[in-house]
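Participant: Here the protein sequences line up with chains A, B, C and D, keeping their order.
Quick note: the first sequence uses UniProt numbering, first residue 1, plus one each step.
Quick note: the second sequence uses UniProt numbering, first residue 1, plus one each step.
Quick note: the third sequence uses UniProt numbering, first residue 1, plus one each step.
Quick note: the fourth sequence uses UniProt numbering, first residue 1, plus one each step.
Please note that a few of the clues may not be correct.
Treat identical chains as interchangeable: a pair holds within one or across any two.
[To be verified] With a Cα cut of at most 30 Å, we get these calculated DSSO-like pairs of lysine-lysine: (1) Lys238 / Lys17; (2) Lys124 / Lys103; (3) Lys73 / Lys232; (4) Lys103 / Lys238; (5) Lys232 / Lys2; (6) Lys103 / Lys232; (7) Lys2 / Lys31; (8) Lys103 / Lys225; (9) Lys124 / Lys232; (10) Lys240 / Lys73; (11) Lys107 / Lys70; (12) Lys17 / Lys73; (13) Lys205 / Lys225; (14) Lys31 / Lys107; (15) Lys2 / Lys70; (16) Lys240 / Lys31; (17) Lys124 / Lys238; (18) Lys242 / Lys232.
Calculated directly from the structure, the hints in this document are not laboratory data.
Number of protein chains: 4
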Amino acid sequence: MKVTIWNEYRHEVENAKVAQVYPNGIHHAIKDGLADAGFDIATATLDEPEHGLTEEVLAQTDVLVWWGHKHHKDVQDEIVNRVYQRVLDGMGLIVLHSAHCSKIFNKLLGTPTCQLLWREADEKERLWVIDPAHPIAEGIDRYIELPMEETYGEHFNIPAPDQIVFVSWFEGGEVFRSGVTYHRGRGKIFYFRPGHETYPTYHNKQILQVIANGIRWSAPTRSAKPVYGNAKALEEVKPKVKS
Amino acid sequence: MKVTIWNEYRHEVENAKVAQVYPNGIHHAIKDGLADAGFDIATATLDEPEHGLTEEVLAQTDVLVWWGHKHHKDVQDEIVNRVYQRVLDGMGLIVLHSAHCSKIFNKLLGTPTCQLLWREADEKERLWVIDPAHPIAEGIDRYIELPMEETYGEHFNIPAPDQIVFVSWFEGGEVFRSGVTYHRGRGKIFYFRPGHETYPTYHNKQILQVIANGIRWSAPTRSAKPVYGNAKALEEVKPKVKS
Amino acid sequence: MKVTIWNEYRHEVENAKVAQVYPNGIHHAIKDGLADAGFDIATATLDEPEHGLTEEVLAQTDVLVWWGHKHHKDVQDEIVNRVYQRVLDGMGLIVLHSAHCSKIFNKLLGTPTCQLLWREADEKERLWVIDPAHPIAEGIDRYIELPMEETYGEHFNIPAPDQIVFVSWFEGGEVFRSGVTYHRGRGKIFYFRPGHETYPTYHNKQILQVIANGIRWSAPTRSAKPVYGNAKALEEVKPKVKS
Amino acid sequence: MKVTIWNEYRHEVENAKVAQVYPNGIHHAIKDGLADAGFDIATATLDEPEHGLTEEVLAQTDVLVWWGHKHHKDVQDEIVNRVYQRVLDGMGLIVLHSAHCSKIFNKLLGTPTCQLLWREADEKERLWVIDPAHPIAEGIDRYIELPMEETYGEHFNIPAPDQIVFVSWFEGGEVFRSGVTYHRGRGKIFYFRPGHETYPTYHNKQILQVIANGIRWSAPTRSAKPVYGNAKALEEVKPKVKS
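When you get a sec, could you build the whole thing from the sequences and use the hints?
Facilitator: Have a look at this one:
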């Protein structure tokens, strides 16, 4: 399973506080955290040529993990379309935290997914497992507790998810659909809420476990590529008399 | 309930065969067919200024019915965005037949909804009611039989619908999810398959009944408009000590 | 629209504290609260003959509202089966609060719906609207706040709902899927969480509005009654040669 | 992965025509057909003590495959309850063909799942892949064609599935939701339609592939067992003053 972890990778460079939490960038924190998961992991970042997501890289990627925050607009539409096409063709996509605002998530979902409530207030978050049968909950306790995180609250302007795995409780009074799945074409998508850049969320074992689960769950399905367009009948059609 | 029926209205003008079936256009056939449904119905067409969908018209439209086929590209993006915003704000949208390829449906759903199998072969279609509890099935028999229609077949590249009301059987060997619902933001969407321009489908009483049901079902919900963006906590948040 | 409100009606008789909140019983509090909703409302209680749910009563009931708590076992299986059959045939069912443990809800859903977390601790509950497009959210603000309620928490052992309208936040750290819909056969079901007998929840205008919305939403659909069993082919079947 | 294939195993004994197709029984045909799938497969049948489903057997079963037809009533309720509990606890369940009428499927789903249209008329069936992203469609072409099968038609009285993977087209004019998934508690359920005892359906490679996919998909998730019942608050609850 070939995994590419994409990161905006600007906060970590520009902001000393973030660099302290993620000295090598969020992408490397996740890569290191998944070292024992058995994946073949590469990374890519916004400021590489083609954002590190060349045709070759994407063609060999089974699952793409995406973290972005403040520079969604700097992602070129051409690359977004390239990722979009790969998802439709079966590549898995894990959308993390503020990537709910990314062009690719928005394009795949069809709603202004950037819309939700938020604040940065060092709140406790508790992610409750709503669907303990789901493989994304593998190895997870009844809930994951994070001592401090950015808060997201409903209404989150997403389509009705295929499945809801986690719902978060926040100290400040909000709830949030924090782990939700979709499919588009042959590709599977998992959105997972936690991971603000100033908190050590991607060092948390349970959070890493969920990301690993999401990667496994969203692995490509080798079903036949659908055929579209004009098609001959498979059965004999009786001639009709039009009035 | 204010309903606006939008029609491309070019086939009926350019093609004598179509004009014979729908002398005043598909929009007027549907309008006339819904005369007893108790709606306040207006029409709009592609070649009117702003495609007949000015800010004023849309602001007063509770449910928009959309039929288009060959000239989706001629619909200006500005108008598409205007309709999109209105759907998110609560306007119902009924998408008919080949409008599965329309810019608005594609934008709302996030998949290349134009992708499906099709042929024109005068086939019998039988639309089976899959969900008899759904209000869109109100007054409908176990199935609707159409003696001749254009054929659509799976795979239909749509997201998993919120609800599936009808699945079609086609003489030539295909099946198709023919009546499916979604919601996006506060707006409800109903896609209904039948209605190729060369067949008298929109004169069929049961088809008209389904469209009327869809209009009633997709009427705006007067819930509070969601608030998005930065928000204060509703509960006291305990001060934390960061390590 | 004929509505029957069913109540266990024992707490109010046996417990002075409850009687103070609901002197005429929860059923009458809801009935009075819906006085302006335009329904034709009757009531029925556990200790009436046949629990007040005779064949005649149920045959004329469009929507049945059900509140029960400690005496689920006293509901006769014969009456449960009668209600079950009516739901399959189209009668709407509104299941309130601790009726998640009722025989009828359990039978319709197929899971041990009694299973959830709970405590009585006078906690604040905030019911967030997750689906502002849903007619059950009609007229409701972004959330409903209840100063004190019994707490329910996940995991709630229900099947994946057709739709989730509300998710609750509780002061004590839990979340709960508080407003969920299902359909079974031709009948629609709405489960709505709040309403412990010691709190004045059913005097709250927004809670009553949600119940009224639920009743309207779950009104019977007059689609054709499905036909089951052995059936002749609708199309000619070619003779086959078996090897 | 430990798989137990349960079969009623009476048709094959009593009916020479069926014995010709499945000389060792349907359970062994499926077991043999999955020989290369990497499962540890056992079988069990109705006329064994406890139907071959002792506590020990079930405790060690990851996924149970169930085929039954005419003798559903002979399955003891105690064993049904045992299987039911194991599904809630995480065991996967594959329900084949006429097992839609089985006590266990009915109990888990909550609807009279026995209700559908049917006939035995040697009809062609074509199972269309509706969800090519689903792991149950792994390795499957756009559709599976069976030259002859028993016909099932809608309305099929099941709850809205979590996911629909296949929809069948039948020569005689019906459609049917032939591959559908559910979850109940921690257990995953896959219903797969084909497999009448007089046809060699379980010798078909693609059908066997789907069953193998279903088994892998429904493997238990090792999430924490949910806790139910009275629970202490996780957060401090402010004392309230009741009026």
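Participant: With identical chains, the pair Lys240 and Lys73 could be close in the same copy or across copies; at 30 Å between alpha carbons, which is it: within, between, both, or neither?
Facilitator: neither (55 Å within a copy, 33 Å between copies)
Participant: For Lys240 vs Lys31, is the C-alpha pair at or below 30 Å within one copy, between two copies, both, or neither?
Facilitator: Classified as between; 29 Å across copies, 63 Å inside a copy.
Participant: Using 30 Å as the alpha-carbon threshold, which applies to Lys107 and Lys70: within, between, both, or neither?
Facilitator: both (18 Å within a copy, 24 Å between copies)
Participant: At most 30 Å between CA atoms: does that hold for Lys2 and Lys31 within a copy, between copies, both, or neither?
Facilitator: Answer is within; shortest intra-copy Cα gap is 12 Å, inter-copy 33 Å.
Participant: Cα distance capped at 30 Å. Does Lys17 pair with Lys73 within a copy, between copies, both, or neither?
Facilitator: within (24 Å within a copy, 49 Å between copies)
Participant: For the identical chains here, do Lys31 and Lys107 meet the 30 Å Cα criterion within one copy, between copies, both, or neither?
Facilitator: This pair counts as within: shortest intra-copy Cα distance 26 Å, inter-copy 34 Å.
Participant: Is it within, between, both, or neither for Lys124 and Lys238, if the alpha carbons may be no more than 30 Å apart?
Facilitator: Intra 67 Å, inter 9 Å, cutoff 30 Å: inter-copy only.
Participant: Please work out whether the CA atoms of Lys103 and Lys238 approach to 30 Å or closer within one copy, between two copies, in both situations, or in neither?
Facilitator: neither (48 Å within a copy, 35 Å between copies)
Participant: Since the copies are identical, ignore which copy is meant and state whether Lys232 and Lys2 lie within 30 Å (CA to CA) inside a copy, between copies, both or neither.
Facilitator: neither (38 Å within a copy, 41 Å between copies)
Participant: For Lys103 and Lys232, with the copy left unspecified, which applies at a CA distance of at most 30 Å: within, between, both, or neither?
Facilitator: between (38 Å within a copy, 27 Å between copies)
Participant: Between the shortest in-copy and the shortest cross-copy C-alpha distance, which are at most 30 Å for Lys103 and Lys225: within, between, both, or neither?
Facilitator: both (25 Å within a copy, 24 Å between copies)
Participant: How would you classify Lys242 and Lys232 at a CA-CA limit of 30 Å: within, between, both, or neither?
Facilitator: Intra 21 Å, inter 27 Å, cutoff 30 Å: intra and inter.
Going down the numbered hints, you'll see the structure goes against 4, 5 and 10, while the others check out.
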